[in-house]
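Use these hints to put chain B onto chain C, whose structure you have.
Going down the list, the sequences are from chains C and B. Residue numbering for the first sequence follows the numbering used here, beginning at 1 and increasing consecutively. Residue numbering for the second sequence follows the numbering used here, beginning at 1 and increasing consecutively.
Everything labelled a hint here was simulated from the structure, so no lab data went into it. Take the hints with a grain of salt, since some may be wrong.
Identical copies go unnamed one by one, so any copy, or any two together, can satisfy a pair.
As a list, the in silico SDA-like pairs of lysine to any residue whose alpha-carbon atoms are at most 20 Å apart [as the list claims (entries may be wrong)]:
#1 Lys198 / Gly53
#2 Lys69 / Asp103
#3 Lys259 / Leu286
#4 Lys285 / Leu312
#5 Lys69 / Glu104
#6 Lys259 / Ser295
#7 Lys285 / Gln298
#8 Lys285 / Ser262
There are 2 protein chains.
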Amino acid sequence: MALAERILDGDIRAAARLMRNIDDNLPSSRGELQELYSHTGRAFLIGVTGPPGAGKSTLVDQITAAYRKQGKRVGVVAIDPTSPFTGGAILGDRIRMNRHAEDEGVFIRSLATRGHMGGLSRSTADVANVMDAMGMDVVIIETVGVGQDEVDIVRLAHTTLVVMVPGMGDDIQAIKAGILEIGDLFVVNKADRDGADKTARELNLMLEMNRYAPGAWRPPVLRTEAQRNVGVEELVGKMDEHHRWLLESGEINQLLQEKNTSLFQTLLKERLFAEVYGGVARSGKLSEILEGMLSREQDPYSAVEQILAERLSP
Amino acid sequence: MALAERILDGDIRAAARLMRNIDDNLPSSRGELQELYSHTGRAFLIGVTGPPGAGKSTLVDQITAAYRKQGKRVGVVAIDPTSPFTGGAILGDRIRMNRHAEDEGVFIRSLATRGHMGGLSRSTADVANVMDAMGMDVVIIETVGVGQDEVDIVRLAHTTLVVMVPGMGDDIQAIKAGILEIGDLFVVNKADRDGADKTARELNLMLEMNRYAPGAWRPPVLRTEAQRNVGVEELVGKMDEHHRWLLESGEINQLLQEKNTSLFQTLLKERLFAEVYGGVARSGKLSEILEGMLSREQDPYSAVEQILAERLSP
Numbered sequence: 001m002a003l004a005e006r007i008l009d010g011d012i013r014a015a016a017r018l019m020r021n022i023d024d025n026l027p028s029s030r031g032e033l034q035e036l037y038s039h040t041g042r043a044f045l046i047g048v049t050g051p052p053g054a055g056k057s058t059l060v061d062q063i064t065a066a067y068r069k070q071g072k073r074v075g076v077v078a079i080d081p082t083s084p085f086t087g088g089a090i091l092g093d094r095i096r097m098n099r100h101a102e103d104e105g106v107f108i109r110s111l112a113t114r115g116h117m118g119g120l121s122r123s124t125a126d127v128a129n130v131m132d133a134m135g136m137d138v139v140i141i142e143t144v145g146v147g148q149d150e151v152d153i154v155r156l157a158h159t160t161l162v163v164m165v166p167g168m169g170d171d172i173q174a175i176k177a178g179i180l181e182i183g184d185l186f187v188v189n190k191a192d193r194d195g196a197d198k199t200a201r202e203l204n205l206m207l208e209m210n211r212y213a214p215g216a217w218r219p220p221v222l223r224t225e226a227q228r229n230v231g232v233e234e235l236v237g238k239m240d241e242h243h244r245w246l247l248e249s250g251e252i253n254q255l256l257q258e259k260n261t262s263l264f265q266t267l268l269k270e271r272l273f274a275e276v277y278g279g280v281a282r283s284g285k286l287s288e289i290l291e292g293m294l295s296r297e298q299d300p301y302s303a304v305e306q307i308l309a310e311r312l313s314p
Numbered sequence: 001m002a003l004a005e006r007i008l009d010g011d012i013r014a015a016a017r018l019m020r021n022i023d024d025n026l027p028s029s030r031g032e033l034q035e036l037y038s039h040t041g042r043a044f045l046i047g048v049t050g051p052p053g054a055g056k057s058t059l060v061d062q063i064t065a066a067y068r069k070q071g072k073r074v075g076v077v078a079i080d081p082t083s084p085f086t087g088g089a090i091l092g093d094r095i096r097m098n099r100h101a102e103d104e105g106v107f108i109r110s111l112a113t114r115g116h117m118g119g120l121s122r123s124t125a126d127v128a129n130v131m132d133a134m135g136m137d138v139v140i141i142e143t144v145g146v147g148q149d150e151v152d153i154v155r156l157a158h159t160t161l162v163v164m165v166p167g168m169g170d171d172i173q174a175i176k177a178g179i180l181e182i183g184d185l186f187v188v189n190k191a192d193r194d195g196a197d198k199t200a201r202e203l204n205l206m207l208e209m210n211r212y213a214p215g216a217w218r219p220p221v222l223r224t225e226a227q228r229n230v231g232v233e234e235l236v237g238k239m240d241e242h243h244r245w246l247l248e249s250g251e252i253n254q255l256l257q258e259k260n261t262s263l264f265q266t267l268l269k270e271r272l273f274a275e276v277y278g279g280v281a282r283s284g285k286l287s288e289i290l291e292g293m294l295s296r297e298q299d300p301y302s303a304v305e306q307i308l309a310e311r312l313s314p
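Isolated chain C, as found in the complex:
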């Protein structure tokens, strides 16, 4: 039986296999994803981002537990920094699995940040779609950092949670500014630490600079101590409130339009490049171009235009 069919039948091992194939970028995975697509669109997608050291993994663990209490099935896609020496993900599924290892209502998958040829947001979207098709009610996508990559990944979610910690240093204004527009909710985690009030106040001040139209969502700033499970229930309540607001205000349509556009763009960009670059490499033209670049007799700009002229039909 095809993987897609087995996944729709609830076969966890088939899901794990397809996710590995997605990770390895096997062409066969496209067919499976194609079949699963009509079964997606039901899960509530939550993006969690923030700087390293903010305690995101622990918080995601607690959020998972809170949703499990409500009887919901939870998928987690964790984007892990890659080890430069082993090539594998640093944290990995195993550490993360510990707490929920025995729970069939939780499915956790780590994606390493390397070896995706810029296709990390595509892989993440694909894995989230598999979890969605598996019938997960909530899919949490956790990323490390605040770069453009993370912003792209966060675009996959319905609701984005930005996790901060007290006292993050001089560049905090800059960091905050970069993330202000992607956050639907802000959390000051490790809220028992010095400076939690200050960080929350500063976040609120910066949010105030925005002018919210009537009926618009004004991102709340919450506090949690994920280690001691303090403030997590309230956080989950607020995330659900944001989800309801999306549906009731009709904002969901705009959001889905953006999410779908972004997924389509990502797929198109990656497939186009793979096909054309593969051809250039196989034909030996690549080595020619690289030699020319080295001697500066060939500039890459004209080389690219020539390839476009040859490979693109009008």
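What follows is chain B alone, placed relative to chain C:
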């Protein structure tokens, strides 16, 4: 006169204009870059990266001053987080320019992180190439963060400096691991703070895990206090040492091969996507696909394969 010609004649305003055009992605800028390309390849490119709050801007300022003392011309490309409300770069050229504002041997340009449609590393490469063609001896590329985006940008450099600060929190192992393989030099900045020894020791320990072949470059771990200009001369000496090692060991060939491949891939990916996506959007097919995705009657995977079949000639 064309911009490229004026830039080669030393016209600073023409360079600034071309950089704006690159930022705005004007098609005409490709022709100018094409002309400039044969005049590039002379500058020493230094990448500077590290987490927010590490004091990178101040350190880059001091490195710039140190190279100026040697009589070298210095270009700086600073990747700035974008303000969500104004859309502009947060720090901007103006703040950075202050110190070197009167110095014609220094050219500073900020690039905002948004609005590049994933083309930030392309814009950065283009701007660095303009500075190279202008005759800058050293071009410093400064990025915030440690995401894949930064890794791509850092690939443009000959020598990559990773800036850390003492006591960076729980996830430090993970952060370090993610950056260990991209750093040719490591700096613990703000070295007067508690924990500087510990951070330096941990970095050294992690580097020891790597096995260096005989004659290989073993990244040094240095200390600086950029604010007080402590340790900067030594740092610059070490960077120059790395540059010499690249040239003398012949490693430069491998590096240039990788840099050129990466630039070519970036240009190809971006131009292919722009052409094909533009066509899909103009023809009205995009709205059709997006409508189909919304109702789940159309999956994006088959849509993309169909476009490939139509637009790519064999």
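Are there hints from earlier that the structure breaks, and if so, what are their numbers? Every hint satisfied by this model.
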